[in-house]
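All chains should be built: construct the whole structure from the sequences, respecting the hints.
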Amino acid sequence: MRFLLDAEQQAFAASLDAMLTAAATPAAVRDWSRGAPASGRALWRRVAEAGVFALAIPEAYKGLDPRPVELAVAFVELGRHAVPGPVVETVAAAALLTALDDPGPAERLLPALASGDATATLTLGPYALDADTTDVRLTVSGPTAPARPSEVPGPAAPAPPTELRLAPAPGAPPRPCLDPARRLFAPAPGGELLATGAHVAAASAQALTWARLATAAQALGVGLALLDRTVTHVRQRTQFGVPVGSFQAVKHRLADAKIALEFARPLLFGAALTMTEQDVAAAKVTACEAAYATARTALQLHGAIGYTAEYDLSLWLTKARALRGAWGSPAQCRALVVGGDRRW
Amino acid sequence: MDLTHSPADEAFRAEARAWLDAHTPPVPLPSLETEEGFAAHRAWEAELAADRWSVVNWPTEYGGRDCGLIRWLLFEEEYHAAGAPGRVGQNGVSLLAPTLFEHGTGEQRARVLPPMATGEVIWAQAWSEPEAGSDLASLRSRAVRTAGGWLLSGQKTWSSRAAFADRAFGLFRSDPDTPGPHQGLTYLMFDLRAQGVTVRPIGRLDGKPAFAELFLDEVFVPDDDVIGEPGQGWRVAMSTAGNERGLTLRSPGRFLASAARLAGLWQARGRPQDSADRVADALIGARAYQLFTYAAAARFLDGASTGPESSLNKVFWSEYDIALHETALDLLGADGEWADTGWSEGYVFALAGPIYAGTNEIQRDIIAERLLGLPKGRR
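As they're listed, the protein sequences go chains S and P.
Residue numbers for the first sequence follow the working numbering, so the first one is 276 and each next one is one higher.
Residue numbers for the second sequence follow the working numbering, so the first one is 68 and each next one is one higher.
Keep in mind the hints are simulated off the structure, nothing from the lab.
As the structure is a prediction and not an experimental result, all values here were calculated from the model.
Quick reminder that beta carbons are idealized off the backbone N, C-alpha and C, glycines included.
One thing to keep in mind: the hints can contain errors.
Restraint ranges, calculated between C-beta atoms of paired labels, are given here [as the list claims (entries may be wrong)]: (1) Gly-374/P with Ala-299/S: 27 to 37 Å; (2) Arg-260/P with Gln-575/S: 30 to 40 Å; (3) Gln-575/S with Gly-440/P: 18 to 28 Å; (4) Arg-437/P with Gly-379/S: 24 to 34 Å; (5) Asp-290/P with Phe-515/S: 46 to 56 Å; (6) Pro-418/S with Gln-340/P: 47 to 57 Å; (7) Arg-510/S with Pro-243/P: 33 to 43 Å; (8) Phe-515/S with Asp-397/P: 23 to 33 Å; (9) Ala-85/P with Glu-283/S: 38 to 48 Å; (10) Gly-374/P with Glu-334/S: 33 to 43 Å; (11) Ala-390/P with Thr-551/S: 16 to 26 Å; (12) Gly-216/P with Gln-523/S: 41 to 51 Å.
A few chain S residues facing chain P, derived, Cβ under 10 Å [stated by the list, open to error]: (13) Leu-339; (14) Leu-459; (15) Arg-528; (16) Phe-538; (17) Leu-611.
If you want a taste of the chain S side facing chain P, the calculated C-beta under 8 Å gives, among others [unchecked claim]: (18) Ser-521; (19) Ala-530; (20) Pro-541; (21) Gly-545.
Quick look at the structure:
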């Protein structure tokens, strides 16, 4: 039993961090937000070349075989740098296609996701993220998880069959999102039917678990970046003749942010090791709440400058809010924890 | 990175579980903060020690099993899952013993540790003074040189377990003329029944005498009971403080067991939806603390020492413990008023957590200054 990242995993994180630091990522985020994806796609290719998406894809489809721990390591760095685009959705799509009974769609679509030649989005809820610039638009309709007896109060209504479709391009412009880098479109109806039946529902549940793990990691990275930037700010900003970071009221808020993030981290990696629905839900809610609490602290301690779109802090502040609700609200995740069969 | 225990570690866990299944008292012992309960808990320590379960991570020569940190964590998980009694000897075992292992002499370890392991000698801590709480280095109790030892005089307070304990350990000012308050302090052990010691029990919030004031009037302590060099007491004590806040004061097993009991209470009360989130947070927090501790243990085994990271721990568990017990009392509704339940006892105990072992305000200062690198300022 050794619950620590090994040297190789730490080196992987450091290399991604260095690459994304050198890559002028904030400028790519702003380009992406205004619908100019070229710089973001260039960044995407470099992330893919580092092997990040291949970590969610079996070797048979040109991936590195699913490695949730390494994927979590990578997504912490993607969050730390606010990398734009459907990063979580591409992982979720890969998990879904891998889990289908029929290998056809996986053979056809996954190699390009592993290499970074293609991006994917996956709609299980109300929107299709980045659907205008994405190559593979997957939409699941109908029940997305096998119903559990305890959740069915009476005789169940006959459910429509679960269908997986390759959706057409969106017909309307995106609806504005609190995080401008997340371009949300109404799912376009129709498109090629890729698969149908109970196995699509089961595969969707798998996709949801992977999406939650990746979101938890991304949120942790967002929170760590917000903490770092705020610590730097309060050390430099002086009022009353001293750095504001020497005041206890400021210190204690940052200490609380540090505690929240450092206790989210082991939940994330524990979930990556077990990949149970309960562990992943716990990691998701905890990392997202830690990141969001850190965002509130970051905004407060930056003062008015933090409340501007122009200042780069906004790239992380808005993402912390968006990730909290994406792929399962805090209440939904907590319900999975108390309702789960397995306890720690 | 993995979470799989070796077969040998699992066998150790199974052995602990079997022993605890056979020996754990079927009815909870009376509160250890009462005279009757203190005696019952002391007897339980002897029962544990008879089969070498009282101090499993100690070397075998002092009554332990030299089992290592991971097995200690597994033992604690089993211990609390079994609902076994609270540990009346904890002040000695988790505060004094690590200090003796690091700074004591062989003679001191051979003399002090075995009776600590059996509960024959129960230790109280004597840190705080009426004018020295968070600012511990401002303490004024004196140790004055005399033939063959020292004479202790002054007043200590909030001395946990001292109402019924046998001996105590703490810091005394042996040199009043040093340039800084952290110098000239000496770490000493003394007998609570020695001539010149007056113990005045203090009722905690529920009235139970969980701590005491100590009045010391020229209490003789032999040189053999000085730990480390005279005048170096602050450095010696800080290694203890690191242990207290770090790995060994509150094991994750305790909170995993409490969270499981809370989930059981919630089920028994019909799974009320308005409490679901808080119950989930108790389950999640226990898991987070367990995994955080496994990571800390791995770093520790790699040779890292307990540093300012232990302040993260201390704030986390102390606030977690209160939230968990508040949830339980809220679930109980009007039945939450009874003071003679495990939940109430746990609640009152938890309320002290953010205050002792360095207040959480001090811990947050440490986190901000030593982990985040923020500038020192006025407290």
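Could you tell me which of the numbered hints above are not met by this structure, giving the numbers in increasing order?
-> The structure breaks hints 2, 4, 6, 8, 13, 14; every other hint is satisfied.
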